[in-house]
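Q: One letter stands for each residue in the lines below.
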Amino acid sequence: MKLQVKGVEKTFDMRGRTITALENIDLEVRAGEFVCLIGPSGCGKSTLLNLLAGTDFPTKGSVLANGKPVVGTNPSRVLIFQDGGLFPWLNVHANVEFGLRMKGLARDKREKIVTSYLEMVHLAQFSHAWIHELSGGMRQRVALARALAVDPNVLLLDEPFGALDAITRDLLHTELQEIWMRTKKTVVFVTHNVREAVVLGDRVVVMTPHPGRIAAEHRIDLRRPRQIENMKTVNLAAKISADLRLSEETTHARSH
Amino acid sequence: MPAAIRRLFAGRYAVWIGRIIFFALLLGGWEALYRLELWPSYVFPAPSDVALALARGFADQTFVIGITSSLGRLVEGYLIALVVGLALGVLMAQVRPVKDTIGLLVLGLQSLPSICWLPLALLWFGLNESAILFVVVMGAVLSISQATEDGIRNTAPIYARAARNLGAKGWRLYTSVVLPSALPSIVSGMKLGWSFAWRSLMAGELLYTLPGLGNLLAMGRELNDMGQVLAVMLVIIALGLIGDRLLFGVLERRVRERWGLL
Numbered sequence: 001m002k003l004q005v006k007g008v009e010k011t012f013d014m015r016g017r018t019i020t021a022l023e024n025i026d027l028e029v030r031a032g033e034f035v036c037l038i039g040p041s042g043c044g045k046s047t048l049l050n051l052l053a054g055t056d057f058p059t060k061g062s063v064l065a066n067g068k069p070v071v072g073t074n075p076s077r078v079l080i081f082q083d084g085g086l087f088p089w090l091n092v093h094a095n096v097e098f099g100l101r102m103k104g105l106a107r108d109k110r111e112k113i114v115t116s117y118l119e120m121v122h123l124a125q126f127s128h129a130w131i132h133e134l135s136g137g138m139r140q141r142v143a144l145a146r147a148l149a150v151d152p153n154v155l156l157l158d159e160p161f162g163a164l165d166a167i168t169r170d171l172l173h174t175e176l177q178e179i180w181m182r183t184k185k186t187v188v189f190v191t192h193n194v195r196e197a198v199v200l201g202d203r204v205v206v207m208t209p210h211p212g213r214i215a216a217e218h219r220i221d222l223r224r225p226r227q228i229e230n231m232k233t234v235n236l237a238a239k240i241s242a243d244l245r246l247s248e249e250t251t252h253a254r255s256h
Numbered sequence: 001m002p003a004a005i006r007r008l009f010a011g012r013y014a015v016w017i018g019r020i021i022f023f024a025l026l027l028g029g030w031e032a033l034y035r036l037e038l039w040p041s042y043v044f045p046a047p048s049d050v051a052l053a054l055a056r057g058f059a060d061q062t063f064v065i066g067i068t069s070s071l072g073r074l075v076e077g078y079l080i081a082l083v084v085g086l087a088l089g090v091l092m093a094q095v096r097p098v099k100d101t102i103g104l105l106v107l108g109l110q111s112l113p114s115i116c117w118l119p120l121a122l123l124w125f126g127l128n129e130s131a132i133l134f135v136v137v138m139g140a141v142l143s144i145s146q147a148t149e150d151g152i153r154n155t156a157p158i159y160a161r162a163a164r165n166l167g168a169k170g171w172r173l174y175t176s177v178v179l180p181s182a183l184p185s186i187v188s189g190m191k192l193g194w195s196f197a198w199r200s201l202m203a204g205e206l207l208y209t210l211p212g213l214g215n216l217l218a219m220g221r222e223l224n225d226m227g228q229v230l231a232v233m234l235v236i237i238a239l240g241l242i243g244d245r246l247l248f249g250v251l252e253r254r255v256r257e258r259w260g261l262l
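First to last, the protein sequences are chains A and B.
Those letters in the first sequence? Residues 1 to 256, by the numbering used here.
Those letters in the second sequence? Residues 1 to 262, by the numbering used here.
Hints are computed from structural coordinates only; laboratory data are not their basis.
Incorrect hints may have been included.
Just some of the chain A residues that point at chain B, by a computed CB distance under 8 Å [unchecked claim]:
hint, residue
1, A53
2, F81
3, P88
4, M102
It should be emphasised that the depicted structure is a prediction, and the values quoted were computed from it without experimental measurement.
Quick reminder that beta carbons are idealized off the backbone N, C-alpha and C, glycines included.
Bound conformation, chain B alone:
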């Protein structure tokens, strides 16, 4: 192998070259398996079928509508969860009886996948958006409140000491020192809450007919169109990555860096 190419493989592109080869092999293997015609194409679609479904979905707007309605629901539910979660977290950190009672409940409910609330939510709110929204809120709220409580409880005592010494007290001590010092933990909780909300939303939409990505999955199944199912899955992965890695990942890293935690 010429030295130039060897250097290329050893350099910082090596990882990316490896990745490209891996995905090319994956797609190639997939296409080869399809050509063996072991299964009918509606059970095992070709990569080209998926690409086509993806193009079609965006061309006729069905994916666009699905994405906007799912994201709309997600944002709405998440914002409600954020407000409730922060308030609950502050209460759990400050009021001992709340921690001893509601705190225990929160801890217990955290081990319940929030989609399990759906039957009850349908009964309470009826066959409409609110039921799904409730599931999304329940998915995010617990981890946000838990992280807020943790963050406030673990405020470095030196910050509070310094602030009190400089004349801070009461709610100003709270808003200018306790909450900011809890922020890295709160942001981690927000990130976790976001991914829980996203998963709950998909589960909810899949089980219940509303315009959205989950519904497009269900539709693909009913039409025996596995190309569409896989295409929608790709969209869901992409949106999840954007939320997790770009939005919250970057926010979390920047906060941790500034707080000197990296």
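Next comes chain A alone, as it looks inside the complex:
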């Protein structure tokens, strides 16, 4: 599924003052592409993700999915949150099954799909565990399986690994790349970790705050699966970091 953002502006009212969260955003995500949105907090990257998901709408401009305007949330574009948003009253299996139940799929079909995705995220033996019994990394795997189970065209991830320790995060980077190469989903991944963006993305879109704008884009042509310790990854990340710092300094200068 192709995603297009055309001339989008998004403003919020905050105690009578108008805050411009996004200004003049143009972005196109090709079907099957992995795009990372990166920037400091307040740059509007999560807002942009919500517009793509259809949980929020632009003040000006348009958001299109396969050429059609986004009018609301839809299981074809699934959001994954930082804390997973898993349902604690359901076990792992039932969480992954949730979207399939809502679709009204028959039990044997649901069973097959749930089993295959739990295997994909290496949690088959935790099928009957409760959410509070899982580690942070395992929870994000369940969230990923739950999202993949409804067979969306687009995965929208909002800093999904932000609360994890470095080792778990690296492991999940590898797994997410494998899953993406196997399933060919379109992915938009929001993060403020430059190295993470370089490891995962085909393209890294750098955003700057006040107001949220796209400052730069970097195409990442490294071979997959990529590792975070790889010299090429590190060098590229350093270059983007430098860019980011520069643009931040200019915005800082501009706002004073």
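Please arrange chain B on chain A, whose structure you already have, making use of the hints.
A: Below, chain B without anything else, positioned relative to chain A:
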């Protein structure tokens, strides 16, 4: 003191040893006070009198009948309160005008001890079980509906967002996400409702003649048998603890643990 005994007192038994000593002293002090014969025994019974009354009550079935009829009434009233309270809570959470009107009434009535309904209930329902049942229902229903409303209103937005995104809508969103996510609050309300119902029932039975524990208390008073009064009080404490701590306490803890709230 030998090291072994000192360790025993410092270890995890220390609390229990302290408790046993406390209660032994309490009973001993009570018995000593009785032996001073400051008051007649029908005003101030000995611990042994209470134990005897307890044994007698269970032997001749009067306590058993009292317990079963009181618990029967409690369960009946509580179930009615549960159904009404849940329905009212859902309505208050979903329908704004209901919240603004009935919600305010519920808030106000919550500060009224439900036994105050008895005179009116006797007039409405006559001199029978229904009057007591009404008092029990009024004791439990308000806290249940209040907690249900709170729970639904405070549903974490992330759950609803995730569920809608995965295709849940309408009543299925309600039954599969909104209600389960409100469950910890609902269970707390159920627990509170249970203890209110229990207190209301005892007050009602004490004031009005029906077979039951409250009635056994009243009877003990009329017979000047303080041994029986204290024995019945012990039974009431025991049943209250079983309901509060074991039944609802365990349920509440398990729900809160699974929901990740502990």
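Q: Would the hint on A53(A) stand, with a C-beta cut-off of 8 Å toward chain B?
A: This hint holds: A53(A) lies near chain B, its Cβ roughly 7 Å from the closest one there, short of 8 Å.
Q: Return the status of the interface hint for M102(A): holds when the least beta-carbon distance to chain B is below 8 Å, violated otherwise.
A: 4 Å, holds
Q: Are P88(A) and chain B close enough, Cβ to Cβ, to be under 8 Å, as the hint says?
A: 5 Å, holds
Q: Report holds or violated for the interface hint on F81(A), using the least CB-CB distance to chain B and a cut-off of 8 Å.
A: 6 Å, holds
In the structure shown, no violation is registered for any of the earlier numbered hints.
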